[in-house]
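Each chain, letter by letter, is given below.
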Amino acid sequence: MPSASSNPSLRSVRLERTFGDGATRRVALSGVSFDLYPGRLALLMGPSGSGKSTLLAILSGLLNPDAGQVLAWEDGAYVDVWALPQAEREAFRLRQVGFIFQGYNLFPAFTAAQQLEIVLRWGQNASASDARRRSHAVLEGLGLGGQMNKKPAQLSGGEKQRVAIGRALVKGSKFIFADEPTSALDWENGKLVLELLRREAHDHGATIFVVSHDSRMLPYTDIAYHLEDGHLSEMSRSSLGELP
Amino acid sequence: MTYALQTLMHERSRYAAGVGAVLFSAVLIALQVGLLLGLFELTSIPIDHSSADLWVGGNHVESVDLGRPIPISFVGRLNKPGVQSPELYYLNFGNFTKPSGGYSLCTVVGTGLTAGHAGCPDVLTAEHRQLLTESLTICVDQSDLGKLGLVGVGDHAKVNGKEVRLVGVVTGIKSLAAPWLICSQTTARELLSVVNPAYTDHVTYLLARCDDPGRAKATAKELTAEYPEMSVYTADEFSTKSRMFWLLRTKAGVALGYAALLGLLVGAVITAQTLYAATMASAKEFATLLALGIPRRKIYGLVMAQSFWVGLVGVTLAYPMVHLLGYLAEQAGGRVVIRWEVLLGAAGLTMTSSLLAGLVALRSVKNIEPMSLLR
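Read top to bottom, the protein sequences are chains A and B.
Residue numbers for the first sequence follow our numbering, so the first one is 1 and each next one is one higher.
Residue numbers for the second sequence follow our numbering, so the first one is 1001 and each next one is one higher.
In case anyone wonders, no lab produced these hints; they're calculated from the structure.
Glycine included, each C-beta is placed from N, C-alpha and C at the ideal position.
A hint or two may mislead.
Quick list of in silico lysine-lysine cross-link-like pairs, BS3-like style, CA-CA up to 25 Å [unchecked claim]:
no.: 1; chain 1: B; residue 1: Lys-1241; chain 2: A; residue 2: Lys-150
no.: 2; chain 1: B; residue 1: Lys-1284; chain 2: A; residue 2: Lys-151
no.: 3; chain 1: B; residue 1: Lys-1251; chain 2: B; residue 2: Lys-1241
no.: 4; chain 1: A; residue 1: Lys-151; chain 2: B; residue 2: Lys-1298
no.: 5; chain 1: A; residue 1: Lys-174; chain 2: B; residue 2: Lys-1284
Reference listing, derived: stretches of chain A covered by chain B, where coverage requires no fewer than 3 residues with Cβ under 8 Å from a Cβ of chain B [claimed, not checked]:
no.: 6; stretch: 85–93
no.: 7; stretch: 96–105
no.: 8; stretch: 112–122
no.: 9; stretch: 165–178
Pulled out of the complex, with its shape left as it was, chain A reads as follows (with noise of 0.2 Å):
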């Protein structure tokens, strides 16, 4: 793991967030500022509705805060990321953000290699062999070296998980951003899917941020957040208890 005196690779800066008006006026984020650093996996949790997605949309690019700003460490410097246009947002999003969501979302008609192709090809205008190779490589160190040329309806919940993992790492982003990534698995393959992303964090110095309500994930995190009222604390590091 990284040492903490190493640049913060995002950081928040008095984040505000509101949804609705007048009587149903709610504050899902109240001056939330914190840090995040590569090679570490970050775990956000709260209670339902506290405002743990919002955060995740607006730190990965996804959701405008009212106030505040998102800054990501990009070639030596801070790129304000709500500062920028939205074609630049964007175009920040495919180099250096991959998202894993609770659903697999992936294409019924493609194989599990075709899954990662089609954002090497489409996002970077990857040649088809090039595209091919970087995802089966992918897939290999996910373990799913067998599965390549299955599609989603021959996979098990966790080898698409982990297929759609593949998706969020293959264009080398640096930030990845998962939202109840193993909800929809059972603990043994959650573990796995936990585990991966720890490796992705401390081998390759990707910034993780989970969001999760499920606390055996915290011995897996290297850092927690609890956030409730539009409020943000870090949790104490005996609560994140010991690996088994």
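Based on the hints, put chain B in the right spot on chain A.
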């Protein structure tokens, strides 16, 4: 294989409605045009069953059944190298009195009757030709017997008040409105001069063969330039001109256009709906790609590629279907003319409508937002 085609193959049942709609449009257009061409083929029957290369008539003849008398002396104008000896051809409407009383319009067609005559219809047997040399005898098509109130050979009726005798019944010269009465030149002259005395020294057409049929077009052009008061056509030109005249005159073309447009619209709406639904069904997958920063135009491209493939598969399936339905129509007594120009036109129109349907379906892509995955 492209991603679009792969999706189409994998989700065949989902896209079947779109493919079916394109198929329906293409078959509808091709068959409608084919049936209409088949119907109006009947207007050029005397030309299509003759072996003349050149047809010479009066000025501005619009259709073979609308010829006006020209002087027989025009024969001398065809005395040109490469043009064989011209023959006289009579063709005009007559008033047919049925044996049981009652009237019908008919078309008297008088031609030379030896097998070597260019105007002699190829449906006549040697026996028919022999019998028609008798004065005031006629042959008609089997399908026109009822229209003329005739039962069979030996029946008597009147044309322009003169009694005629039916000596032969043939097939292949069915009429659209006025049954063709095939007879000798002498009989035709006698029947037609009753109402138009000009027919004593006039004729409706002069027919000629060319030594080199490939030169017919050029010869027709030369003769028209030399004698502007005559119309000179090759057999193919005159046949097409006759059909087109009636197609446009009867406004059948307009009716066809409306029906075809309706077919296209129905096809396009169903295709658009199919593509829209298919795109929405993959909305989460597309939203994931958008979240990863994949440009939205790539997804637009995929939908357009799908509309292309839906169109192509539909048009390809339409091809054998048109031939099959055309064959069945022929078996049922109809006539369907399937020409490559028509097939190509129908394919082009339906492909275009399919791509337009794709453009309409792009609305669905506009509505896809990655944020929807986090709610």
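Now for the hints, and whether the structure bears them out:
no.: 1; hint: B:Lys-1241 / A:Lys-150; in the structure: 62 Å, violated
no.: 2; hint: B:Lys-1284 / A:Lys-151; in the structure: 17 Å, holds
no.: 3; hint: B:Lys-1251 / B:Lys-1241; in the structure: 15 Å, holds
no.: 4; hint: A:Lys-151 / B:Lys-1298; in the structure: 22 Å, holds
no.: 5; hint: A:Lys-174 / B:Lys-1284; in the structure: 23 Å, holds
no.: 6; hint: 85–93; in the structure: holds (count 4)
no.: 7; hint: 96–105; in the structure: holds (count 6)
no.: 8; hint: 112–122; in the structure: holds (count 4)
no.: 9; hint: 165–178; in the structure: holds (count 3)
In summary, the one numbered hint that this structure violates is 1.
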